[in-house]
Amino acid sequence: MGNYKGKSMKRVEDPRFIQGKGRYVANLSIPGMVHVAIKRSPYAHATINSVDTAAAAALPGVVAVYTGSDFSNVGGLPCGFTPPGIKTPAHPVVAVSKVRHVGDPVAVVVAENAYIAHDAVDLIEVDYTPLPAIVDAKGAMDTGAPLVHDDVPDNCSFHWPLGDKDATAQAIASADHVVEMELINQRLIPNAMEPRACVAQWDSFMENMTVWTTSQNPHTIRLLLGAFTLQIPEHKLRVISPDVGGGFGSKIFHYAEEVIVPWVARAVNRPAKWVSTRSEASITDAHGRDHVTHAKLGLKKDGTITGLYVTTWANMGAYLSTFAPLIPTALYITLLSGLYKIPVIFGETYGTMTNTVPVDAYRGAGRPEASYVLERLLDIAAQDLKMDPVELRRKNLIPPNEFPYQTPVALQYDSGNYPALFDKIEQLADYKGMRKEQEKARKDGRLVGVGFSSCIEASGPAPSAVAVGLGAGIGLFESGVIRVHPTGKVTVLTGSHAHGQGHETTFAQIVADELGVPMEDVEIIHGDTERTPYGVGTYGSRSAAIGGSALVKSAEKIRHKLTLLAAHLLEADPADIVYDQNSGKVHVKGAPDRAKAFGELSFALTTADKLPPGMEAGLEETSFYDPANFTFPNSAHVAQVEIDRDTGEVTIQKYAAVDDVGKVINPLIVEGQIVGGIVQGVGQALWEHGVYDENGQLLTATMLDYAMPRADRFPTIQVDRNETPSPHNPLGVKGAGEMGTIAGTTTIVSAVMDALAPLGIRHLEMPLTAEKIHNAIKAATSNGGGN
Amino acid sequence: MKINGSHTFAAPTEVIWPMLLDPHILASVMPGCEKLEQVADNEYQGILKIKVGPVQGDFNGNILLSDIQSPESYAIAVDGKGAPGFVKGNGRLRLESDGASTILHYEGDAQVGGRLASVGQRLLDTSAKAIIRQSLEGLEAQIAARMNGDGEVGADTAAATPPPPSQTEFALGVARHMVKDALADEDQAELIRKVIIATGGLFILYILLDWFAGLIAKKVARKLK
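Sequence order for the protein chains is Z and A. Going by this note's numbering, the first residue of the first sequence is number 1, and it counts up by one from there. Going by this note's numbering, the first residue of the second sequence is number 788, and it counts up by one from there.
In case anyone wonders, no lab produced these hints; they're calculated from the structure. Hints are not guaranteed to be accurate.
[Said to hold, decoys possible] Taking lysine-lysine pairs in the DSSO-like style, the calculated list, with each CA pair at most 27 Å apart, reads:
no., chain 1, residue 1, chain 2, residue 2
1, Z, K557, Z, K589
2, A, K789, Z, K772
3, Z, K772, A, K916
4, Z, K663, Z, K5
5, Z, K557, Z, K5
6, Z, K489, Z, K10
7, Z, K778, A, K789
8, Z, K778, Z, K440
9, Z, K98, A, K875
[Unchecked claim] Reference excerpt, derived from the structure (chain Z facing chain A, CB under 10 Å, subset only):
no., residue
10, R40
11, S41
12, D122
13, I283
14, T700
[Unchecked claim] Computed list of chain Z residues with no C-beta within reach of chain A, every gap over 10 Å:
no., residue
15, S174
16, K436
17, G471
All residues carry an ideal CB built from backbone N, CA and C; glycine is no exception.
Taking the hints into account, I'd like the entire structure generated from these sequences.
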């Protein structure tokens, strides 16, 4: 059924992007606009004694200079996920008496152009008294550690336990074999291609505020601006996220600049603009990961898992970012079961405050951390028990006939066929062939490793009642409007948002198929709170499953109305009317000639002269779709790497991935998501690391020191799918946006550690840089270990 | 950032010690030092122009000497800040007499913050080393000037003071030290050889391309006619 779904349609947004015609916030210029630059703390932790703005204010071209006390009429930045018992320290938009991380805003300069604004920032003199700083997630809770907030004792914002603690401890204690590990999931700095930016325009006559911002969820930003920070009534606020150049989670959150810029626009009564620099992004955009974990896995001699006990210290940074506490709790502990039957699991997370940039969701968000813990434990267990790591995993897979499967950590998996997934990846990657090749290479003294990982993802957090029950501040449904114009052309309004995902293509495929109209007759509108109905936005791989399903629901309503109208016009019983979704023709069953075209019907609803009794004119339908559950995409990836014995450099020789993302709307886009995700995940495994020194200085604030993955480091990635449709959404789709990132990290770490295993190297912390591996090889071989 | 090292001067301790306490001399040998004045006993204030990679700007610094064991050692505390960030350091200078010459031992620990730390991190160590080396070389030149001159300690040496290195000289110094740090001597010779060959190769390529472009231009001109 349908002409477009399942086909690799070229992305309709690409012509404008590759021609440089994208319209980003930074491209926006409004006559009379002033430019904002922000003075930021160079200290990780210090009290502010005074801020001298005189020299900056005197610089020609400077319009105004503001400090923290000027912002007393705006609320602090709120946290949108607050489980019971959490301590949420105040997060002022501009620091008033204390700075808590390098990059904390202390003053705001408004000037005629950006250059003057930046020059003036350098003229502001701030007198600080430096305080001792703490940067380590676990060390933050040590006695005597510097306190980041006076009202958060022990720097512990929350403790989130889940599962049966005693039963798990008992299972581990009585296990034949226990793997116990300390694991670090290092801090990452998201680097979307487009840095953040904000423009605001105040209409002093109507008292309306328009804010253009690089957000993944403009409605959430409007809600938070209206209800918490700026406190301009929501109906007087319009938030627009035009083209946005990537987010990876970092553009979900409500940032200080989104408050400062509109505040300035109103204060000086001129449009105002702020654009982040790349190094400013490093010290202001929410970071990702940063966990210290202690984990114990209990197994029987034959490799059957008996229990898993995990304690994690999650670095929250200096303040709680918008969704920060959600990530290492409900999106992490709940995923610790992976694809496996684990009788008992206990997981707990301490969310700790430190003098670092706040940490929040970053592509995968909690799920890569969970998968990393579980898969590392399984690899080590296989080594210890002298089993093939794939065999060990196979032994513990949830059988296909046990779905829906209730894990011991709250989630209920909807569907999947994990043994089939394993069969497919072993075949695609020629896993056994790889092992043979490895054996041969090892005989030649080469360090070749084969890595394997299988991952579960819970995408599209849902349903709203559960999410809010856990502590979420908003429901997690999505809206979709289909507006059919008199001539049968279609405008689609979605509350979802695209910043690289290609909604303008996939959503048009969905609606065109649902209505039976050509794709080019469908236009997707998103990212403007004044044009689209309230929506939740895009994160957590939710768009197709939730936003797409909302459109299916609206299309059903459209078809229903057109069916009733056609029945009336064709003088037939509605039960005898067939809506042909290939052509958009609505005809009498068995008589294709007795038909009304889609355009004829939409026009009939415009003339509105021959409508059945009770039918309203016009053709527009709205739906708010709230899914019954998460979707559970799953995957198995295999990689082969070789390590240069002399330099420690890792070369990825082969990479193969089989993913189950349910039904696929556009294979081209899904493949792009999977491959891009893998590359991003490998970035964490091998290169990326946001490093703070002990004084809280970020040492990796530029691309000179923060190593991003590059295309030349990758072989062609083989991608295949194992399709098990999600049973609970009308499209049968599962999330596809984060799977690659989750599996990419664990697979490559698995391969590198497998290559190093003959040297007796059991575990190295990420990133597995050439330097780290080189030193480990040197240490291992000089100790007389190895082959 | 930890700093330590030693340097041998061909002069006795009595010549060097007063120089290490003379702000005029210290200002004149430190690259980028725009000003250094005494504001109290053993306390100095100055401006240092710093360029580390893409980060540059003026630092206003306060220097405090303490625990002065004349003529042998003192402790030094530096507290500097400016638009590119801040530097806060503690260290110690010690002179050791070795016949006619003197060994200067120095060690310290500096905390660096702001843009200087976040952007200039990778170049920081090398730049700090370069500043120290160039300062010591400057001091050596001053000492030589004194030893060859009347040798009178404490005389007005302004005339004999060589100017501090310019920013370009400083940058070249950084580059030179970086190469020295990164490569062994034989590798340096190899590098120079490669650079010469590459330059020569490029020049020949340029001549060939120029000649070829001339041919095409002539052909085009003929066609147009």
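Cross-check of the supplied hints:
Restraint check for K557(Z) and K589(Z): the C-alpha separation of about 20 Å stays at or below 27 Å, so the hint holds. Of the pairs offered as hints, the one joining K789(A) and K772(Z) holds, with about 22 Å between alpha carbons and a cut-off of 27 Å not exceeded. For a cut-off of 27 Å, the pair hint linking K772(Z) to K916(A) stands: about 25 Å separates their Cα positions. About 9 Å separates the Cα atoms of K663(Z) and K5(Z), which keeps this hinted pair within 27 Å; it holds.
Between the alpha carbons of K557(Z) and K5(Z) the distance comes to roughly 20 Å, so the proposed pair stays at or under 27 Å and holds. Between the alpha carbons of K489(Z) and K10(Z) the distance comes to roughly 21 Å, so the proposed pair stays at or under 27 Å and holds. The suggested pairing of K778(Z) with K789(A) holds, with an alpha-carbon distance near 26 Å, which does not exceed 27 Å. Annotation: proposed proximity of K778(Z) to K440(Z) holds, straight-line Cα distance about 23 Å (limit 27 Å).
At most 27 Å may separate the alpha-carbon atoms for a hinted pair to count; K98(Z) and K875(A) meet this at roughly 20 Å. The closest approach between the C-beta of R40(Z) and any C-beta of chain A is roughly 9 Å, which is under the 10 Å cut-off, so the hint is satisfied. Of the supplied interface hints, the one on S41(Z) holds, with its beta-carbon coming within about 8 Å of a beta-carbon of chain A, less than 10 Å. For D122(Z), the suggested interface contact is upheld, since its CB lies about 4 Å from the closest CB of chain A, less than 10 Å.
At its closest, the beta carbon of I283(Z) sits 7 Å from a beta carbon of chain A; the interface hint therefore holds under the 10 Å criterion. Interface restraint check: T700(Z) against chain A, minimum CB-CB distance 8 Å, threshold 10 Å, status holds. Against chain A, the non-interface label of S174(Z) holds: every CB pair exceeds 10 Å, the least being about 50 Å. Every CB of chain A lies more than 10 Å from the CB of K436(Z), the least distance being 41 Å, so the non-interface label holds.
For G471(Z), the shortest C-beta to C-beta distance to chain A comes to about 34 Å, beyond the 10 Å cut-off, and the non-interface label holds.
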